[in-house]
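Enquirer: So the protein lines, in turn, are chains V and H. Going by numbering that gives the first Met the number 0, the residue at position 18 of the first sequence is 17; the numbering climbs one at a time, nothing skipped. Going by numbering that gives the first Met the number 0, the residue at position 250 of the second sequence is 249; the numbering climbs one at a time, nothing skipped.
Worth flagging that the hints you see were computed from the coordinates, not collected in a lab. Yeah, the Cβ is synthetic: ideal placement off N, Cα and C, and Gly gets one too.
What follows is a set of in silico ranges between Cβ atoms, one per label pair, in the way DEER data are often shown:
1. H:Thr62 to V:Ala52: 40 to 46 Å
2. H:Gly315 to V:Glu15: 25 to 31 Å
3. V:Gly30 to H:Leu371: 37 to 43 Å
4. H:Pro19 to V:Ile78: 54 to 60 Å
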Amino acid sequence: MTKDEIRATVLRVLGEIAPEADPASIKPDVGFREQVDLDSMDLLNFVIGLHSALNVEIPEADYPKLATLDGCVQYLMAIRGGAA
Amino acid sequence: MPILGADMSAGTLVAWRKKPGDGVKRGDIIATVETDKGVIDVEIFVSGVLEEVLVQPGATVPTGTVLAIIREEVLAPAPAIAVGVPPPAAVPAFRPPAPAPPPPAPAVPGRLRISPLAKKVAAELGVDSATVRGTGPGGAITREDIERAARPEPAAEPQRPTVEIDRQTRMRQTIGAAMARSKREIPHYYLSTAIDMQRALAWLTEENGRRPVADRLLYGVLLIKAVALALREVPELNAVWVGDRIVPSEAVHVGVAISLRGGGVVAPALHDADRQSLGDLMRNFRDLVQRARAGGLRSSELSDPTITVTSLGEQGVETVFGIIYPPQVAIVGFGKIVERPWSMEGRIVSRPLVTATLSADHRVTDGHRGGLFLAAVDRLLQEPGRL
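With the rest of the complex left out, here is chain H (with noise of 0.2 Å):
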């Protein structure tokens, strides 16, 4: 059972999506697990063949657990090999919590108001989602009112419409303790800076002029990937700490923190930032999102991260004060964009700026380190076109 997160300790393994005797290569996927953060797609990291499956659908294991044998494509006889067991990762928790859904209320008729993981689950298990009675807000069929009618009737089951405000408690709980132990263990430094946006924002409004709507890119994106440009000019930040001791990253793999629907929040890693063309990384952002609500995130996206990227200028914050996600060792913040006096060659102009936060931890790097950092997202932003 993969680590995908410093606040994950069990998984309940769905569904294989390989069978005994499939052969496998690195990068497919081989098995379904849920946890507190959604139904995540289980990577394979080496090719070979799947000999035995160790763990049935519908058990949960510790993190950690052997889930299968694979048998790689060698002469001589390969050993048993975990099933995937990335380095833990990402997820900042700066959503307040979602109110309680209200009372479950009967569906619409003529229309089935089901969410995509349940649509998801229902497509994996075989039902018939327009025989199933949605119990989320406003009647909206969820994933456990799947997983219930897939279960054989043992008799009729009570309506149970607590489940969705546990799964709710138990996702508030884990990000909980993921951030209780980034206080105690993590010695935090914190830097703030203002950017100028007028010229990314003139920039965007021109360039999605000439965009075809569905390769609109969105403001967030210059943001990512000014971000990702910048942890090369400062490579310190993109590591992670394991142990006593500093991993450093070659690779760029920046988190997004991406809200759920009805409370909670993920941080998936958007992979080779740095080195994606601005249409590329929207696409594959876009793509990243709908699979993080949905539930379809691979195990690699929520192991890789070593740094969050969050944006809660849309919630009218104006600043961000992040809490990194152990083991990363760096969290951005970016607030909204406000109009604002600005000091420009001796005079006064009104500017868009936004207020870019680093939270960094102290074992790492120190606030000289820090300042470059976002003096190089500044820098960048101010060339939105070489982004």
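The shape of chain V in the complex, shown without the other chains (with noise of 0.2 Å):
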């Protein structure tokens, strides 16, 4: 999966949770809770939806790097590619 689709993944992941988020508008280095109502079932909900649509396990102690959605991207395809 190239680093577009799985930007466009977070997107549609985040979409499903806050319909009313405008996705072009999602500033790439600024936190999603600054930028979209979220709380804490919210970010439950992104993850398992991450988890979901990517196959991937997210460690509760990775929560943070998946703050903004350069953060998600980056650490997504690392643990895709099997870093850490």
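Can you join these two chains into the complex? Each is in its own frame, and there are hints to help.
Expert: Have a look at this one:
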């Protein structure tokens, strides 16, 4: 899966949780929670959505790495590629 | 039309889920109604046959109006039974009013942006949402857009971007009315205590490390379970105030405050929260949040809570000063976890502390019982493995 495909997947999963969020306006280096009204339940559903879409295990300790779009893509590229 | 909150005076019948002649049994969903809290599934509390519907879809009727006649399955003819009229329930108002939504924008080509509630209504009304122009934030398709599309074309109807604002206004008005009534009628007293969360958080981290991602627990579930168990120890707080007397509840149905996307709040019940394992409670909590936001709460979930739990720690709030939602007799608030100096065995150490508050009805309990309740919540959270 390419970087762009992972980015699109992340935005799709985010859109399922927060349908009012405009994916085109998400700033990649700014925290999701600063741009979209997300609570802890939304974040859990976001992780579950990524897990289902990409078949990746995301330990709870790694949640902070998913705070931004850029962070998500970088992290997911790394674990899908086998790097920690 | 069931009363689904002290602030509800009328509701709109959206659709019948059963038709005359259909057999129904206790717990079945027989109709969908819309209130200012959203779309609610109405349950039936008897078993029998739906004999006649008295209110048609689209009609707005006062609470207490008989919607249908159910003939109970007995030998003698049964009297008419109003469909689902349980006692009132829950909704605190702590979230500040949401800012007015931005003006509608064209939808993003190639991607349908539609709220879960609108999707549900579209399915019910047989509307192809791909043909609907969204007027919600960022061009998202709202429930009103779907309903407008479902109506017969009277003439080219002008865009009404104020619909969502009107809905927000109505919700704020209804919440405001209930809170004003609460402040006017209920003699509140307020207590607070700081709880050391070190053990609970450490246990949660370890527990979640063992669980697959879909089964992980949120910290809030520990709080809900601790409150539910503490209610067993101080049962006076597990009650409603009706007329001029206390009506205790045998079951522990804890209302949980859930903020809605776009503004507003509901506090539906997690039924029998004291008897559920943490895993079951978490699954039911997730389901409840999803249905609260998408539409699809059941009438009993809105009518059954005796107490509400609200947590505003994620918004940076340290202390919650709750307002009781009548006819409930208490609300429990939790703030954010903060690292603070804490005295332990003669040493000052840094600990993660949360401020738990209780707002309770002085007609029902005194500070002594309220204090025992908070102490029980604290004690239970010190043994998270036993929750």
